[in-house]
Amino acid sequence: MTKPSEIRVAASSIAVRRGFLSRVAVVGSPNSGKSTLFNRLTGLKQRIGNYPGVTVERHVGSLTWDGRKTELIDLPGTHSLRPHSLEEQIAVDVILGRLAGAEPPDGILAVLDATNLYQGLFLVQQLVELQKPMVVALTMTDAAIRSGIDIDRDALSEALGGVRVCGVVATTGAGLDGLRDAITTLKDAPLPRKITVWPELDAAISGLRSATGTLLSETECTRLLIDGVTERNQSFSAGLDAEFIARLDALRLEFFAGQPPVAVEARIRYGWVRSVLRSVQQSAPKLYSWQSRITEFLNQPYAGTVGLFVVMAVVFQAVFAWATPIMDFIDSATATLGARVGDVLGDGALSSLIGDGVIAGVGSVIVFLPQILILFLFIILLEDSGYLARAAYLMDRTMRSVGLSGQSIIPMISSFACAVPGIMATRVIPSRRDRIATIMAAPFMTCSARLPVYALLIAAFVPAQQVGFMNLQGLVLFGLYMFGIVMGILTALLMRKTALRGPKPPFALMLPEFRRPNLQTVFFQLLGRVKVFLYRAGTVIFSVAVIVWALSYYPRSELIAPAVENQRQAAAYMLSGAELAAEYARIDNVAAAAQLEQSWLGRAGKSVEPLFRPLGWDWRVSAAVIAGFPAREVVVAVLGTVYAVGDQADEGTLSTRLKASTWPDGGKVFTLPMVLGLLIFYACCLQCAATLAVIRRETNTWRWPVFAWFYMTAIGYIGAMLAFQLGSA
Amino acid sequence: MEINAYTLATLKRGQKGVIKAINANDPQVQRLMVLGLVEGAEIEHASAALGGDPIEFRLFGCGISLRQEHARHFQVAPAGAGD
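In order, the protein sequence lines correspond to chains Z and E.
Residue numbers for the first sequence follow this note's numbering, beginning at 1 and rising by one.
Residue numbers for the second sequence follow this note's numbering, beginning at 1001 and rising by one.
Simulated from the structure, these hints should not be mistaken for lab results.
We put the beta carbon where it would ideally sit given N, CA and C, even for glycine.
Incorrect hints may have been included.
Simulated restraints on C-beta separations [said to hold, decoys possible]:
#1 Pro1078(E) x Trp702(Z): 54 to 60 Å
#2 Arg1013(E) x Ala246(Z): 20 to 26 Å
#3 Lys531(Z) x Arg1013(E): 41 to 47 Å
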């Protein structure tokens, strides 16, 4: 029985929580330091989900200060309340409380970059006009001082209707306590005073609202008057009655007198911003920073382009060279562990399950964690330092020649880590045709899941000789990356010439100054990626490894064991000592191989083998490839399991086992043309259920993922066949 | 709009100008205006990619890149000339 006093305590604690728990949206322009600030405020107390119906990541974290708890929602960056891309649309819908399934925020934390007040205030003035509880975090105040900007915070607060302005340096944590206090007391803070930016428009809107009695807010009416009914404001424009729309159109015609409304709005709002800047921002002596020195160097056309290629080459070299020692260690550790399990548990199904199934399967994927870490680290560093935007700028002309814009470069570079976030990153691309062409090209980029397959085959079959400053293995890897890029670009070109023909894509891009990547932000992002990878290794790959093991272990043949016993006795009769041990080992291998061949996996592999025979694959490789369609990194795990069960060499790693693998006639399975074909197959084939799902969600139809799958698989098959047939001829 | 001798596209590297008039009919030009390229804004040609396109400008200390074809829609008065 619960005592009455306990009930009272519980009830009052609910009341306390109700009283203070509030939801604050973190809003700011792209590159305003919003995510760094969000990470700083919430630390590890955050979770990443999705907004209902869309793939935009929803970052929610909590902040407790002085006993008050507030939930922070990190929104995608936006330049204004007139959304230009899908990502901006989500941000605006959440701010306006229009996103289905997401509760409207109680208050706004506006993030304003002190080094870019001009563009930042364009957004912040629109936020003040919402008349919601609001606090402004003035970020990068240290960088502002360095670049000679002195900001009068009181004057800024005054200009923004009296909202609290907290100067912070998110990277060092300076000023954060004041901001935490402001956020957690936001619910009780006074609403911002009304500011006058555009009195004529305000009058027109209040006239419209009183005449029609509409339930839409002032901001929503303003957007409808200026933007009209568009695809991007459907959250509040859908279902408006025709009379209201006709009235809007008439008012627009009268109010703007034929001028483009968006242009008029920009002029008036930036006029206000300039007048505020005059009273708020004083110049101070400018210090010459290393950032501007780098920017200046890369601003020279040739140096910039050469720099881009050097950066990419360094990344690929690092992925292959730096990770090797750690990988070798993990590789041998897994092999030792597997052997130890065999020693302890002896022969039998359990020992085989753990040693050959779980350890060999999952271990062969875990081996690639160091490489994947290094790759993700570089991508995150490039993004966080602002270099990816510069890459987009440098590549725009090239991308235009294939019908894309420089903006497509960012999703493509992200796809080198993983096509799923890469495809999600296409949301910043405003035009749908461009976006889909980029989505079709992205899966060709060599993702980190292809890396295990490449790394395994290259390490085993490409000699490690030095070619110039690079290793031949590194060079082949670089070539495969280039191959992926070329295939992706050709695909985009093909799309833009056929199904997605249309006008030239637009291009306007902010180029942030270089900044030192924030270690905390980098760490959080890296941690997130590692978690996803290990989660997959622990669930999907683990299950596949166990299933594949079972398929390869069962059914046990009743004929093999007596045959082995006979042969062993015959050997014991004729041989002794080391020779006998060697003969025993040979007999066991033959037996294991025979067992594998008649297992379910062996049978399945054999039944599809004819299909892959023109590619030079035996039934084991075929079975591994088939098993890898849900997730391509599984292939290495399957090869690991298959070759562990059919022990070619008792000790030794997967690559030595692959090298030893032969056809029944004794010829090597893994010849150079066959390996080359296998690599090409992997470079093309879309073996990733997650990518297919994300394409489906992002394009809103099954047509594109289905097309992408058939298209890429066909190219992979034909490419592998050509490589094998021409190479073997 | 009359073709003016001075547009954003004719600024040389390191040269500054003040935007005087904008041919705002193109939606892409309107987008640039939302990003702050409006009449009265001072702007500097910071760099150009290979082949001179796109061009990077500095606007109130921030980098923004646009293409030649759009830069032509912005008439400028070179800084220090006229008002």
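Results for each hint:
1. Our hint of 54 to 60 Å for Pro1078(E) and Trp702(Z) holds, since their Cβ atoms are close to 55 Å apart.
2. A beta carbon spacing of about 51 Å between Arg1013(E) and Ala246(Z) contradicts the range 20 to 26 Å that was offered as a hint.
3. The beta-carbon spacing between Lys531(Z) and Arg1013(E), approximately 46 Å, falls within the hinted interval of 41 to 47 Å.
Hint 2 alone, counting from the list given before, is not met by this structure.
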